[in-house]
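Student: Modelling step: build the complete structure from the supplied sequences, incorporating the hints.
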Amino acid sequence: MKKINFSLDSIEPVFQKIAELTKIQRIIISAGAVVALIALFVMVFYMPRIEKIERLGKEIGQNEEKLAKTKRSAREYNKFKDKMEDAKARFHEISQALPNSDEIPSLLTGISQAGKKAGLTFLLFEPQAEIKKDFYAELPIKTSLSGSYHDLGMFFDRLAGLSRIVNVTQFSIGSPKTSGGPLSIGCTAVTYKFVAKSETKDKKKKKK
1 MKKINFSLDS IEPVFQKIAE LTKIQRIIIS AGAVVALIAL FVMVFYMPRI
51 EKIERLGKEI GQNEEKLAKT KRSAREYNKF KDKMEDAKAR FHEISQALPN
101 SDEIPSLLTG ISQAGKKAGL TFLLFEPQAE IKKDFYAELP IKTSLSGSYH
151 DLGMFFDRLA GLSRIVNVTQ FSIGSPKTSG GPLSIGCTAV TYKFVAKSET
201 KDKKKKKK
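In the numbering used here, the protein residues as written are 1 to 208.
Calculated directly from the structure, the hints in this document are not laboratory data.
There's no promise every hint is true.
Derived DSSO-like pairs: lysine-lysine, alpha-carbon spacing no greater than 27 Å straight-line [unchecked claim]:
1) Lys58 <-> Lys117
2) Lys88 <-> Lys58
3) Lys132 <-> Lys117
For each label pair, taking beta carbons as the anchor points, the in silico distance ranges come out as [said to hold, decoys possible]:
4) Asn78 <-> Asn167: 15 to 23 Å
5) Lys116 <-> Glu138: 41 to 49 Å
6) Met84 <-> Ile173: 40 to 48 Å
7) Leu124 <-> Ile165: 42 to 50 Å
8) Gly174 <-> Glu138: 24 to 32 Å
9) Lys132 <-> Ser106: 53 to 61 Å
10) Thr109 <-> Ser179: 33 to 41 Å
11) Lys69 <-> Ala160: 18 to 26 Å
12) Gly119 <-> Asn78: 27 to 35 Å
13) Ser184 <-> Ser112: 14 to 22 Å
For glycine and all other residues, C-beta sits at the position ideal for the given N, C-alpha and C.
Tutor: Have a look at this one:
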């Protein structure tokens, strides 16, 4: 490797040429040198920082969008959670009005007693086959009764006062067989029972 010989004598001609230049030329050269130094400083030190700032600015913008989406999702989640809690509360309230299998005999007895206390006579009290639904089952009870309009109104009032849901369908009234005699009443009293999840799963498996 060759050694580079550097001495003041080698650069003296350069200084002489600079000295020969006019004042304006020296000012232009000096200004150009300053501009070149500034440009070099900007390129080496400032530009990388500008690029980094721009990149960080983009990242901040992207993160702000993600944060906004997350906040919207959180609000939607809270709304959905509130709806779920409300649905659970309503489901619990409704299920409380539906007896389970163990309570059905006492409920049937309650319906029969409501009719007798109202002054009606049961000619037929025949529970029918269950009608399966989703989380509950309908329990229709075919009945034939005899009594007055007043007795019938009392019976319906007592059914409405029961703690469990009882609806009356397929209602019919026949004329009395004798003058002043009791009315012939036919109706189906429908009550409901709660079906546990395990029961519904077993039924679905049997269907498959």
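Student: Would you pick out the hints that fail for this structure and give their numbers low to high?
Tutor: Structure breaks hints 1, 2, 3, 4, 5, 7, 9, 11, 12.
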